[in-house]
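Please model the complete structure; the sequences and the hints are all you need to start from.
Here is what each chain is made of, one letter per residue.
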Amino acid sequence: MELIKPGSYFDFMKYRGPVITVLGLMATLSLVSLFYPGPNYGIDFAGGTEVQLAFRGDTTPNEVRKALEDSGYSRPDVISVEGEPNQYIIRVQEVSSLPEEQVDKLREAATALLGEDVIREMKVSPGGDKITLRLSGEIHEQQLQEALEAAGARVRSLNLLTGSRETRYEVHLVGVADELTSQLREKFGDRAPQGALRVEWVGPKAGEQLRDAAIQSLLYAIAFIMLYVAFRFDLRFAPGGVIAMLHDALITLGIYVLLQKEVNLTTVAALLTIMGYSINDTIVVYDRIRENMVRVRDKSLRELINISTSQMLSRTIVTSLTTLLSVSAFFFLGTGVIADIAFALGVGIVIGTISSIFVAAPITELMDRRFFNRARS
Amino acid sequence: MDRGWYFRLVIVVGTSALGFLALWPSVDRWLPCPDIVKEAFENQINPGLDIKGGLRLMYEVEVDEYIRDRRDRIAEQVQRQCGVLIGIVPEEEVDDIDKATLTAIQQRCKVERVDKDGDAVRAIRITFSNEEDAQKLSKTWVKDYFRDLRVASGVGDLVVDLHMREEQLANMRETAVRQSERTITNRIDNLGVLEPTVIARPNDGDIIIEIPGAQESSFERIKSIISRTAQLQFQIVDDESDSRSIFTAPPEGIYLNADSQTFAEAFGENARDQLRSYIATLPVPDDHELAIGRQEADPERGGEGWRTYYLYRVADVTGEDLDDASVGFDPQSGSPEVDFMMNTRGASRMGDLTGRSIGKRMAIVLDDRVESAPVIQGQIGARGRITLGAYLDRNQLLQEAKDLVVVLQAGALPAPLRPANEQLIGPTLGQDSVQKGALAAMVGVLLVLIFMAVYYQVGGLVADAMVLLNLQLLLGTMSGIGATLTLPGVAAIALTVGMAVDANVLITERIREELRLGKSPRSAVEQGYARAYSSVFDSQLTTAIAGIVLWQFGTGPIKGFATMLLIGIGTSLFTGTFCSKVLFDWLVRGARVQRLRVG
Numbered sequence: 001m002e003l004i005k006p007g008s009y010f011d012f013m014k015y016r017g018p019v020i021t022v023l024g025l026m027a028t029l030s031l032v033s034l035f036y037p038g039p040n041y042g043i044d045f046a047g048g049t050e051v052q053l054a055f056r057g058d059t060t061p062n063e064v065r066k067a068l069e070d071s072g073y074s075r076p077d078v079i080s081v082e083g084e085p086n087q088y089i090i091r092v093q094e095v096s097s098l099p100e101e102q103v104d105k106l107r108e109a110a111t112a113l114l115g116e117d118v119i120r121e122m123k124v125s126p127g128g129d130k131i132t133l134r135l136s137g138e139i140h141e142q143q144l145q146e147a148l149e150a151a152g153a154r155v156r157s158l159n160l161l162t163g164s165r166e167t168r169y170e171v172h173l174v175g176v177a178d179e180l181t182s183q184l185r186e187k188f189g190d191r192a193p194q195g196a197l198r199v200e201w202v203g204p205k206a207g208e209q210l211r212d213a214a215i216q217s218l219l220y221a222i223a224f225i226m227l228y229v230a231f232r233f234d235l236r237f238a239p240g241g242v243i244a245m246l247h248d249a250l251i252t253l254g255i256y257v258l259l260q261k262e263v264n265l266t267t268v269a270a271l272l273t274i275m276g277y278s279i280n281d282t283i284v285v286y287d288r289i290r291e292n293m294v295r296v297r298d299k300s301l302r303e304l305i306n307i308s309t310s311q312m313l314s315r316t317i318v319t320s321l322t323t324l325l326s327v328s329a330f331f332f333l334g335t336g337v338i339a340d341i342a343f344a345l346g347v348g349i350v351i352g353t354i355s356s357i358f359v360a361a362p363i364t365e366l367m368d369r370r371f372f373n374r375a376r377s
Numbered sequence: 001m002d003r004g005w006y007f008r009l010v011i012v013v014g015t016s017a018l019g020f021l022a023l024w025p026s027v028d029r030w031l032p033c034p035d036i037v038k039e040a041f042e043n044q045i046n047p048g049l050d051i052k053g054g055l056r057l058m059y060e061v062e063v064d065e066y067i068r069d070r071r072d073r074i075a076e077q078v079q080r081q082c083g084v085l086i087g088i089v090p091e092e093e094v095d096d097i098d099k100a101t102l103t104a105i106q107q108r109c110k111v112e113r114v115d116k117d118g119d120a121v122r123a124i125r126i127t128f129s130n131e132e133d134a135q136k137l138s139k140t141w142v143k144d145y146f147r148d149l150r151v152a153s154g155v156g157d158l159v160v161d162l163h164m165r166e167e168q169l170a171n172m173r174e175t176a177v178r179q180s181e182r183t184i185t186n187r188i189d190n191l192g193v194l195e196p197t198v199i200a201r202p203n204d205g206d207i208i209i210e211i212p213g214a215q216e217s218s219f220e221r222i223k224s225i226i227s228r229t230a231q232l233q234f235q236i237v238d239d240e241s242d243s244r245s246i247f248t249a250p251p252e253g254i255y256l257n258a259d260s261q262t263f264a265e266a267f268g269e270n271a272r273d274q275l276r277s278y279i280a281t282l283p284v285p286d287d288h289e290l291a292i293g294r295q296e297a298d299p300e301r302g303g304e305g306w307r308t309y310y311l312y313r314v315a316d317v318t319g320e321d322l323d324d325a326s327v328g329f330d331p332q333s334g335s336p337e338v339d340f341m342m343n344t345r346g347a348s349r350m351g352d353l354t355g356r357s358i359g360k361r362m363a364i365v366l367d368d369r370v371e372s373a374p375v376i377q378g379q380i381g382a383r384g385r386i387t388l389g390a391y392l393d394r395n396q397l398l399q400e401a402k403d404l405v406v407v408l409q410a411g412a413l414p415a416p417l418r419p420a421n422e423q424l425i426g427p428t429l430g431q432d433s434v435q436k437g438a439l440a441a442m443v444g445v446l447l448v449l450i451f452m453a454v455y456y457q458v459g460g461l462v463a464d465a466m467v468l469l470n471l472q473l474l475l476g477t478m479s480g481i482g483a484t485l486t487l488p489g490v491a492a493i494a495l496t497v498g499m500a501v502d503a504n505v506l507i508t509e510r511i512r513e514e515l516r517l518g519k520s521p522r523s524a525v526e527q528g529y530a531r532a533y534s535s536v537f538d539s540q541l542t543t544a545i546a547g548i549v550l551w552q553f554g555t556g557p558i559k560g561f562a563t564m565l566l567i568g569i570g571t572s573l574f575t576g577t578f579c580s581k582v583l584f585d586w587l588v589r590g591a592r593v594q595r596l597r598v599g
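If you read the protein sequences in the order shown, they are chains A and B.
Numbering follows the working numbering, with no gaps: position 91 of the first sequence is 91.
Numbering follows the working numbering, with no gaps: position 222 of the second sequence is 222.
These aren't lab readings, by the way, just hints derived from the structure by calculation.
Given the structure is predicted, the values throughout are model-derived calculations rather than measurements.
Cβ coordinates follow ideal geometry from the N, Cα and C atoms, glycine included.
It cannot be assumed that every hint is accurate.
[To be verified] Where chain B lies over chain A, by a calculated footprint (3+ residues, C-beta under 8 Å):
| id | region |
| --- | --- |
| 1 | 73-83 |
| 2 | 179-189 |
| 3 | 200-209 |
| 4 | 283-292 |
| 5 | 312-320 |
| 6 | 337-346 |
[To be verified] With a straight-line Cα cutoff of 16 Å, these simulated EDC-like cross-link-like pairs (lysine to aspartate or glutamate) come out:
| id | chain 1 | residue 1 | chain 2 | residue 2 |
| --- | --- | --- | --- | --- |
| 7 | B | 52 | A | 82 |
| 8 | B | 223 | B | 403 |
| 9 | A | 14 | A | 2 |
| 10 | A | 123 | B | 166 |
| 11 | A | 66 | B | 432 |
| 12 | A | 5 | B | 432 |
Okay, here's the thing in structure tokens:
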């Protein structure tokens, strides 16, 4: 079976202008989409609310997960606690965040009622359901609760933490957890949990450290790949491969963002995989160009690129197809995260295939015309 | 077939067998694995948090300890800066004040650390001995030199109290938690491919760590590695001063040893705690401290032994200046130890310290415990070693040395951790998601196999055999190093399979081209491979470069991803080029096919 007839010749370079224009537009659009509408960060990046619940009757994690999904929570984590039957840790993306001006209002009202020097520190948790206060001197719970409620906070409970001279209060506010529990109560009736054992804002898994490490390693990876390509091929080839690689990742991310799919750690892994795929695809074409440069001496680089890309076209398409085949299985059969990662990979493979034909080699030709021809003449 | 071919066949079969053995313990559930194999291959594939669940740990960072520590350091700077204030030392020499001058400064203006209102307020108190000096201190002086401090009371008086600024305290709390998060992540990364989740919550001052897997036996070790502070300090032992008067009547079970230098010792199970609470009551001068270290066990008094050391408080060299640490072996006894390298600053400080203390003993103190106290024979530079005391058996020592290297490399925790909560948790994904994921993986691989066989016929069948071998080697390697497998990881494996056939595609396409030129199957295979090698190697190597960089600089999930990527590249290179050639060679030379059907 042959997809591409042997000996076919396609004038890819002729179409590079329009294709690069379209791809360039897509890349620009993707870049814009990162700021507006901006990525829909999942719990890995943005944090969320964690609630620990003890159900009164028998349930399974799946049942609880299903109930939460039906109530409109997107991809809740429902984790059973070993050794405690029917106890679950539930994580949802939603937070009951307090707007900035509300926090200021709270602080002002509390200061007005309790006095200037009494509040040493007042912090509202990023989840918006807990206020931590460090107070000097003794303030009665009742007094504090009234002060906060007067400022518009819906206080659920107050917790006095330490004695001695400093007073530390944890004030829990009515928030996501209460809503979640009441929704579960509707669905589960008698079996539903009484109240939350524990409600917490849970920070992002991917904090600054991971971001820094990711950016740093990416820059190093680009530098080393360019070095290798410049050394193994020559300088003209290096920028094309790396630009195509970044371009593929950018467009994939852009499509992801425009569809407002959740961006998580898995998405990052998918993007890295796409970059690996892209550079791989490009290098194979480069390799053929290099080979033909030695064998065919009377042709321009433009023609050489056309010949080489045409010769490799069958392979490029077959490899993309096999990869797409395995990815499509995950897209159609998988759920949640898996379907998303498969979607990203699928997009990336298609874009990567196009870019290895229309972006990487043309940039090499451009570099050749711009810098090398001038040096030659 | 020539001998070379048989040799290559042996390598292929051998590798495949090894891969299977390494994988066996992981599939014990479906295919019972004999004990002898389990002993040889201790690791197995570690199911991830999303598939199997694991251990959830919550630690509170003892932020107040961190703040006290910072306060102590600032207090030392205040003492020195006071020397400038009262005109004893010029501004430029403030970092280089010798002991005598320091005593002179202290006589006119003493800086003490005070803990007020329980422990809530960390303060610094300056006591001037005359009015004239006291007048020199102003609020601006404090503001200019110490942005962490504010004057709480007594400007112009003989006694001035300085408090830590509230907003700085908030910053310090955040820093302590962030630094702890970083250190913990590094430590777990140093342990290998565990793919933990580390979540820091600076507002609450705590850190949540989730470690995937079901092997409860390893949890204990991980816990002890996480929570170890790993503060390393080098302090000089004061063997000259008379410390006899310090040791007031010891309680029962603690013995005073007064050979050349007085020290207290205790033996038995609770010896360490006993000794610790005893020395807490002793009147130790401000510039000294008592620390505890292991002592040779005394069979008569029973159990392990511990003794005190009388140390100068100043620690000129600390673990902060450490560059690298590794497990080494003592050249004489062969017993495991930890070798370390200092950075430039550490090396020069260590040189100074040891140069002026020849003949004295230097205590290597790790987390308030003296690991060893060798006599300084000569000046020491960048390299040093920590002997772990010969009082444990060799295996214990080796484990101890390995763990120590892990924590030293990752750096010290800024403050101790207090375990707050510990739970075993179930998988984060539902059983159905996992089943669907597994089904998708199988269907995906099957689709690739069918496509290849249809499109490339015999060449495709060769590729299919390689895909299966690749899969087995990939899983075998993961099992051998105890890698963690998450559901996205399963997707990544299926994708690797899709990409790995690329090598076969490249080669088969080349063979096709050669056959079209009218070459015999045998020479088409030879030429096809020879020509395709460079594309295969270049494309895989470029991806491998990215993988190595990500592995080196990445952390957590990025590192896990890089590990998988590198293993995948390795196995697909091996199967795609080396193993497939063995099969093709047999077809064209052994079976002597007249027409090679490659589609």
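Status of each hint after checking the structure:
no.: 1; hint: 73-83; verdict: holds (count 7)
no.: 2; hint: 179-189; verdict: violated (count 0)
no.: 3; hint: 200-209; verdict: holds (count 10)
no.: 4; hint: 283-292; verdict: holds (count 6)
no.: 5; hint: 312-320; verdict: holds (count 4)
no.: 6; hint: 337-346; verdict: holds (count 5)
no.: 7; hint: B/52 to A/82; verdict: holds (11 Å)
no.: 8; hint: B/223 to B/403; verdict: holds (11 Å)
no.: 9; hint: A/14 to A/2; verdict: violated (25 Å)
no.: 10; hint: A/123 to B/166; verdict: holds (13 Å)
no.: 11; hint: A/66 to B/432; verdict: holds (12 Å)
no.: 12; hint: A/5 to B/432; verdict: violated (45 Å)
The structure does not agree with the numbered hints 2, 9, 12 stated previously, though it agrees with the rest.
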